[in-house]
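Take a look at the letters that make up each chain.
There are 2 protein chains.
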Amino acid sequence: MSKNFEISTLLDYYGMILTDKQREAVEFYYNDDLSLGEIAENLNISRQGVRDSIKRSEAILYEAEEKLGLMKLGKVLNESLDVIKKNIDVIDELNIKRYRSNDINESIKVILAELEKLRDI
Amino acid sequence: MSKNFEISTLLDYYGMILTDKQREAVEFYYNDDLSLGEIAENLNISRQGVRDSIKRSEAILYEAEEKLGLMKLGKVLNESLDVIKKNIDVIDELNIKRYRSNDINESIKVILAELEKLRDI
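Those protein sequence lines, which keep their order, are chains L and U.
For the first sequence, the numbering used here begins at 43 and goes up steadily by one.
For the second sequence, the numbering used here begins at 43 and goes up steadily by one.
What the hints contain is simulated information worked out from the structure, not anything from laboratory work.
Warning: the hint list may mix true and false statements.
As the list claims (entries may be wrong) - Here are the in silico distance ranges between beta carbons for each label pair:
hint : chain 1 : residue 1 : chain 2 : residue 2 : range
1    : U       : Leu-85    : L       : Lys-159   : 39 to 47 Å
2    : L       : Val-125   : U       : Tyr-104   : 19 to 27 Å
3    : L       : Lys-159   : U       : Asn-147   : 23 to 31 Å
As the list claims (entries may be wrong) - Okay, the calculated bits of chain L under chain U, using three or more residues with CB under 8 Å as the criterion:
hint : region
4    : 80-88
5    : 93-103
6    : 144-154
What the hints assert, rightly or not - The list that follows gives simulated cross-link-like pairs (lysine-lysine, BS3-like), each with its CA atoms no further than 27 Å apart:
hint : chain 1 : residue 1 : chain 2 : residue 2
7    : U       : Lys-117   : L       : Lys-159
8    : L       : Lys-114   : U       : Lys-159
9    : L       : Lys-109   : U       : Lys-159
10   : L       : Lys-128   : L       : Lys-117
11   : U       : Lys-97    : U       : Lys-117
12   : L       : Lys-139   : U       : Lys-128
13   : U       : Lys-127   : L       : Lys-128
No experiment lies behind these values; they were computed from the predicted model shown.
No residue lacks a Cβ here, since even glycine has one placed at the ideal position from N, Cα and C.
Start from the sequences and build out the full structure, keeping to the hints where you can.
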């Protein structure tokens, strides 16, 4: 994972624990690709202030991940959801081609809806 | 959810963000049901120190949940896993009784293993 992408992902998980100013600076820098000078102007603080804020924020995000491990957990969850989805698709295809059970079809639909829901949490 | 159980659950999710002393005090109090006096003796601090530490820790745990919502997320995840499990059981039973497909059986086994894994994350 590139560092930029990693920070963006950590922001998704832990953005709420930063102050508004910190979060804005990191979002401008990593998500919107603004320069330190541009961010300084937007936030009305010095370039060095922006640099310090981003460094501090990165440390907070990495510390949160070290303690809570949400990014790692999200990866495990998504991998599991992939495996479940793949196997539901196998059952679905077999059912469509061979068994044509409405009950199986209904259960598959419910499961697929739950998998979609879990993708977004 | 009783407050005691809620704090214990929050500890499972966020215990790592407390200091060792804070975590010990809260665990003694909420998980082991020790009195403030007993905890004070164990940790070699004053009764008032224990009380302050527990109060401070509770505030940190509730603030973490407000910002990150892991306890709520865990509840949503577990409810979804229940629904998926129930529907996999329906498919499994239909398959055992009527269709007897080894391929469906294999896919069900893989899915059940993943569901078990997700129960523990």
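message: Taking the earlier hints as the rules, which of them does this structure contradict?
response: Hints 2, 4, 5 are the ones this structure does not satisfy, whereas the remaining hints hold.
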